[in-house]
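Student: Here are the chains, one letter per residue:
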Amino acid sequence: MPYFGSEEMVKELKRALSNPNVQADRLRYKNYITKVIRYMTQGLDVSALFMDMVKASATVDIAQKKLVYLYMCTYASDKPDLALLAINTLRKDCADPNPMVRGLALRNMCNFRMPGMTEYIEQPIVAGLRDKASYVRRVAVLGCAKMHSLQPNTDIDGTIVNELYALLRDPDPVVVVNCLRALEEILKDEGGVVINKPIAHHLLNRMKDLDSWAQSEVLTFLLRYRPRSDDELFDILSLLDSFLQSAHAHVAVATLRLFLQLASAHPAVQADALLCTSAPLLATCGAASRELRFAGLCHVQQVMRSQPGLFGTHYKRFFCGYSEPTYIKFRKMEILVELVNDENVALVLEELRSYCTDVSPELAQAAIAAIGRIAQTYSEKCLDILTGLLALKQDHITSAVIQMFRDLVWFCPQSTAAVCQTVEACVDSPQDSEQALLWLLGEHGDQISSAPYVMEGYIDGLKTELSSAVKMELLTASVKMFLCRPAETQDMLGRLLHYCIEEESDVCVRDRALLCYRLLQRGVEETRKVVTGPKSDPSMSVLTGRQEEPISQWASTFNTLGPLSGCDLCPQTAVISAADQPSSSAEKELLPESTDVTLSSPDDTEEEISLSLGPPLSHETFEKMWLDLEILQRQTMGFPRPRTALDTLQAALQLVKIQTLAFTPGATVPWKAYIYTRSTGTLILAELLQGDQHAPGIDESLVVSVKQQPVNQHAIRGFVSILKGVLQTLNVDSS
Amino acid sequence: MISQIFILSSKGDHLIYKDFRGEESKDSINVFYEMVTALSGDQPPVVMSHKGLHFIHARQGGLYWVASTKTNPSPFTIIEFLNRLAALTKDYCGSLSEKSVRMNFALIYELLDEMVDFGYIQTTSTDILKNFIQTEAVSSKPFSLFDLSNVGLFGAETQQSKVAPSVAASRPIMSSRGEQGGKNEIFVDVIERLSVVIGSKGVLMKADIHGEIKIKCFLPSCSEMRIGLNEELSIGKSQLKGYSSAVRVDECRFHQAVKLDEFDTFRILKVCPSQGEQTVMQYQLCDELPCAPPFQLFPSVEKDYVNRSVNLSMVLIFLKLRCDLPPKSTALNVSITVPVPKGSTSMSQELSSPDQTAELQPKNKALLWEIPRFPGGAQLSALFKVDVPGLSSASLLEVGPVSMSFELPKQTCTGLQIRFLRLSPTQTGLSQRWVRYVTHSDSYTIRI
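Protein chains in written order, with my numbering: chain S, 1 to 735; chain B, 1 to 448.
Everything labelled a hint here was simulated from the structure, so no lab data went into it.
Nothing here was measured: the structure is a model prediction, and the numbers come from that model.
Cβ atoms here follow ideal geometry from the backbone N, Cα and C, with glycine treated the same way.
Incorrect hints may have been included.
Incomplete in silico selection of chain B near chain S, CB under 10 Å [as the list claims (entries may be wrong)]:
1) Pro75
2) Phe105
3) Leu107
4) Ser274
5) Glu277
6) Met281
7) Asp287
8) Lys363
9) Ala366
10) Ser395
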């Protein structure tokens with residue numbers, strides 16, 4: 001322990017506690033006991049005092065007893081032999097006429113976490129279950145669960161289980177709920193407590209007597225009950241109707257979850273329930289407690305996945321308060337973006353505009369990104385704002401704006417002209433957005449008159465440029481520029497290629513330069529064919545934009561920690577961890593430019609498989625097939641997505657004959673990409689998904705879900721290993 | 001179910017630690033503290049996970065109230081429970097601070113022991129808990145009824161126009177017998193939180209009021225109490241009455257113990273308050289403000305060159321602030337935050353009275369103007385000259401929106417009033433009843 005002189009302290013306390021004079025003075029004695037507990041809380045090891053504390057437990061002062069019990073429960077597992085000494089006192093207390101003393105002793109005796117405890121506690125527990133005082137029964141019921149957790153592998157005691165089921169009819173509401181909890185733990189291996197019709201109806205009838213904590217817990221237990229008929233279902237729902245409006249947010253939300261689950265076959269009922277709960281949910285979004293506010297916002301976001309219109313008229317509730325912490329502001333902005341419509345767009349943009357100059361750069365950038373997303377629908381208004389922000393000449397703002405411009409041009413080709421005109425004005429782009437600017441210059445060099453000169457500035461400063469990603473982007477952009485404005489670019493492109501091939505130490509950049517050089521050797525037309533792709537892809541915004549999801553997609557995680565951490569926490573989604581799959585370094589050699597890539601899979605017994613591109617798949621066909629097919633394999637890659645530019649990723653995948661259909665823009669979280677390929681007569685569709693990286697504790701790694709038609713497990717394995725190889729290679733490069 | 005509960009000070013000291021299930025070691029406290037201090041602002045810190053253990057925390061009174069769990073429980077339940085734990089601690093210890101928690105740790109352990117068993121919430125009701133709690137609270141500061149410096153902070157006022165100091169209600173509910181007088185007190189507080197956005201032309205863009213009626217009861221046992229609200233109070237948008245004087249709220253929710261049989265006709269709430277603090281009614285009014293917004297700002301922002309040749313430039317910010325409260329009332333602790341352009345170096349100011357202060361906070365890119373008392377109907381003005389080297393005309397865009405925080409004692413923006421407060425006649429012993437009104441600014445933003 002980090003506390004200096006702790007041994008001295010313990011010795012001194014020991015002396016004091018065993019001093020008969022101190023023991024005689026009750027107040028002083030208690031003071032010393034309090035001191036022991038204080039040191040214990042601070043992390044000091046005071047287990048050496050166990051003997052003295054056991055002695056102190058024999059007292060009539062209940063407050064002192066409580067302190068000593070707290071001490072004993074903490075150290076019982078360290079000192080099992082000494083703890084046995086305390087058991088006599090405790091067992092005597094279990095028979096005390098005062099129910100409070102009985103309950104206290106029983107509770108703490110069950111809290112001793114040491115082997116062999118069962119034989120001492122079994123009899124008092126069984127007696128406690130039949131105690132007159134409800135306080136003791138509450139303790140005894142949970143005692144059964146504690147006893148079970150002490151020896152989890154023993155057979156379940158049928159008599160206790162039966163007794164607990166019988167106690168579900170106890171007059172005391174807390175005993176009832178504790179019975180459910182205890183049964184749930186004891187019968188965990190058999191699927192938990194059984195909620196049959198009589199139990200369910202009994203619980204529903206008792207709902208009014210329970211306090212709010214018990215109510216929300218019972219509502220959660222009721223989730224596993226399936227009503228037999230529609231009549232019964234509607235009876236239950238009408239009984240619970242008033243709880244949707246409960247003053248306690250946790251009850252209202254738990255009721256909503258139950259409604260959504262029970263009425264899964266009745267969308268109209270679900271919609272009504274959502275409408276009913278929208279008021280309490282909105283109230284939590286404005287609650288005094290920030291944490292509650294955050295939970296409310298996260299759940300509003302979930303509801304909006306299916307019912308985007310539900311909160312439309314309340315958009316002003318999601319304006320950020322200036323003293324709110326950033327994590328709340330972020331959520332509010334995300335919600336605001338979803339709520340934009342023709343009527344409120346002006347007000348929402350004005351509000352978001354005022355966040356753009358916030359003192360926190362992250363917040364300012366998020367606000368700009370929010371405006372950028374709205375721009376995909378209302379491009380004109382947003383472009384004005386974004387252009388206005390450039391005038392501030394602040395690096396973090398300019399950088400975010402340019403990145404937004406790039407996305408905007410890609411998604412909405414109609415805004416290209418306006419963007420190009422603006423980009424003309426901002427030549428010195430700050431870091432982070434160089435790639436975006438270079439992409440814009442290369443792609444639309446014909447519309448930006450100063451483009452070659454800007455590019456020249458970068459080429460001249462190449463020696464000081466550190467990021468290889470920027471260099472690669474510069475190479476591609478210069479080649480593109482050469483194709484549309486050869487006269488102005490030729491000279492600098494030559495210098496660039498020369499530098500990158502002769503002096504560059506980064507292999508990737510050098511390879512890219514060589515590739516460009518050899519391409520150009522084949523002639524301009526050949527180069528044009530390879531280098532110029534589509535300039536925009538408006539269809540992607542449709543795919544990445546929100547569609548109304550069915551409620552069942554999120555109902556199972558509603559009112560769990562999932563929405564708060566931005567990711568599914570449910571254990572049932574079977575994710576095969578990457579550790580199960582031997583990863584092979586051989587796949588690093590995957591990138592040679594052979595036309596038909598063949599590779600050996602990590603398992604040597606496997607045959608080789610080859611992928612091919614075949615005829616392109618339209619977005620509609622992909623989407624249809626994706627929805628129709630089942631997921632055949634889902635696998636965690638064990639590493640995050642490559643930090644390279646997305647078109648690098650696309651190009652790399654193309655090299656191994658995997659076609660990228662769509663992906664979300666770089667900064668969005670969760671990040672998704674849809675890819676497909678063909679192999680020996682089968683079509684493989686896959687989704688790459690990376691969850692919120694900022695979500696705590698959730699694996700940052702990519703998850704790939706594979707669908708296939710017709711099914712061919714062998715091909716899937718091959719595909720996954722190829723994909724893994726490519727991504728790993730890219731990862732190595734970018735790091 | 002909850003695995004552990006712990007309370008940490010802002011510096012990470014362990015104040016309270018209780019392990020309910022023995023699933024996790026005590027190290028998780030340090031894990032939690034490392035995680036929470038490593039967070040930057042953009043990460044959601046309410047829920048954090050480490051190796052399958054989820055930490056859910058709330059911040060109250062400058063302390064971290066943390067629950068850890070290995071299951072996937074309802075976040076609302078845990079957060080509300082932590083808030084309730086903090087509220088109970090406040091009730092029992094008098095106030096909520098690191099000091100009071102340190103001094104009363106035995107009491108808090110006792111509370112936790114009764115509230116949670118094996119990770120399951122048993123009860124949080126004061127009425128039940130008071131039978132079990134044996135330890136007496138240690139007040140962290142001597143209680144003085146005549147602490148006159150605080151008089152009027154909450155504007156407590158009863159029919160007799162007596163004033164209770166703001167600290168009157170911050171003492172332990174179960175103080176030992178024979179303490180100072182005024183033990184049998186009941187405080188009924190009407191607290192409203194105002195969040196307002198005013199557009200650049202003085203147009204009201206957004207106005208929300210969240211209000212609550214709280215009872216803080218020091219009576220050991222209290223019979224039924226009748227709280228009469230404004231008779232003309234109407235609820236919901238549909239019930240708009242013909243005359244304009246009606247007090248209106250959009251929706252309201254009540255504590256489950258409140259009896260509402262006389263509410264529909266006479267607007268009377270009937271409740272048997274239990275000891276301690278409880279919220280009997282919550283209400284909200286959205287997109288509407290029955291009165292004029294309390295403050296109007298008339299700003300003017302200009303660029304001025306001191307010396308054009310060396311590009312020494314400054315921004316002149318002239319603010320005229322008018323308080324639109326009735327003349328008798330006052331706003332307290334008014335502070336105005338004005339964002340200033342990046343790179344502002346220094347500031348000079350002209351304020352209208354010596355008790356006001358203003359300072360430039362370069363770290364927050366803002367200037368802060370503070371006015372301790374602002375009488376209704378008054379108008380104050382201030383001139384700030386902020387030196388910004390290399391100012392461009394676009395930089396003026398960075399000035400604004402102005403945010404304000406303040407406290408309006410004796411004021412409710414909805415106009416909700418408590419007509420009367422009656423304890424049923426069977427009540428023994430003298431009891432004092434206090435009604436206090438206060439409006440806080442949750443967020444008050446004025447665009448320039």
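Student: Hints first: check each against the structure and report whether it holds.
Tutor: Here's how the hints hold up against the structure:
1. Pro75: 5 Å, holds
2. Phe105: For Phe105 of chain B, the interface hint holds, since the closest Cβ of chain S sits about 6 Å away, which is under 10 Å.
3. Leu107: 9 Å, holds
4. Ser274: 12 Å, violated
5. Glu277: 13 Å, violated
6. Met281: With a closest approach of 9 Å, the Met281 of chain B hint holds.
7. Asp287: Asp287 of chain B check passes; min Cβ-Cβ to chain S is 7 Å, inside 10 Å.
8. Lys363: 8 Å, holds
9. Ala366: 7 Å, holds
10. Ser395: 7 Å, holds
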